[in-house]
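A.B. asks: Sequence:
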Amino acid sequence: EPGSNEEIESFCSINFGVTFPMMDKVNVNGDNEDPVYAYLKSQKKSLMMSRIKWNFEKFLIAKDGTVYERYASTTTPEHIAKDVEKLLAA
Numbered sequence: 641e642p643g644s645n646e647e648i649e650s651f652c653s654i655n656f657g658v659t660f661p662m663m664d665k666v667n668v669n670g671d672n673e674d675p676v677y678a679y680l681k682s683q684k685k686s687l688m689m690s691r692i693k694w695n696f697e698k699f700l701i702a703k704d705g706t707v708y709e710r711y712a713s714t715t716t717p718e719h720i721a722k723d724v725e726k727l728l729a730a
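Quick note on numbering: the sequence shown equals residues 641 to 730 in this note's numbering.
Treat the hints as calculated values from the structure; they're not laboratory data.
Each hint should be verified, as a subset may be incorrect.
Restricting the straight-line Cα-Cα distance to at most 25 Å, the calculated cross-link-like pairs of lysine-lysine (DSS-like) are [claimed, not checked]: (1) 722 to 693; (2) 726 to 703; (3) 722 to 698; (4) 665 to 698; (5) 703 to 684; (6) 665 to 693; (7) 685 to 722.
All figures in this text were calculated on a predicted structure; none of them were measured in a lab.
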């Protein structure tokens with residue numbers, strides 16, 4: 641994502657009405673990857689590799705902190721909602 645954290649926050653606020661807290665931009669692959677993403681990827685590798693391939697790749701974390709599932713950037717929120725409901729019912 642181009643731009644500084646402040647520029648991204650301003651863009652999202654103006655264009656999408658975002659008012660919730662946003663995480664800072666971090667590296668998700670490579671030598672300087674954020675430790676959170678290193679852990680998430682180590683727990684659920686994608687079909688092709690452990691690298692995050694594209695924006696909006698998603699991870700679902702269970703109540704106990706385990707990584708339940710990893711979703712491609714093309715996965716719809718409706719598909720993820722079914723898994724969230726399953727985890728909440730457990």
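A.B. asks: Taking the numbered hints from earlier one at a time, note which ones the structure violates and give those numbers from smallest to largest.
C.D. replies: none
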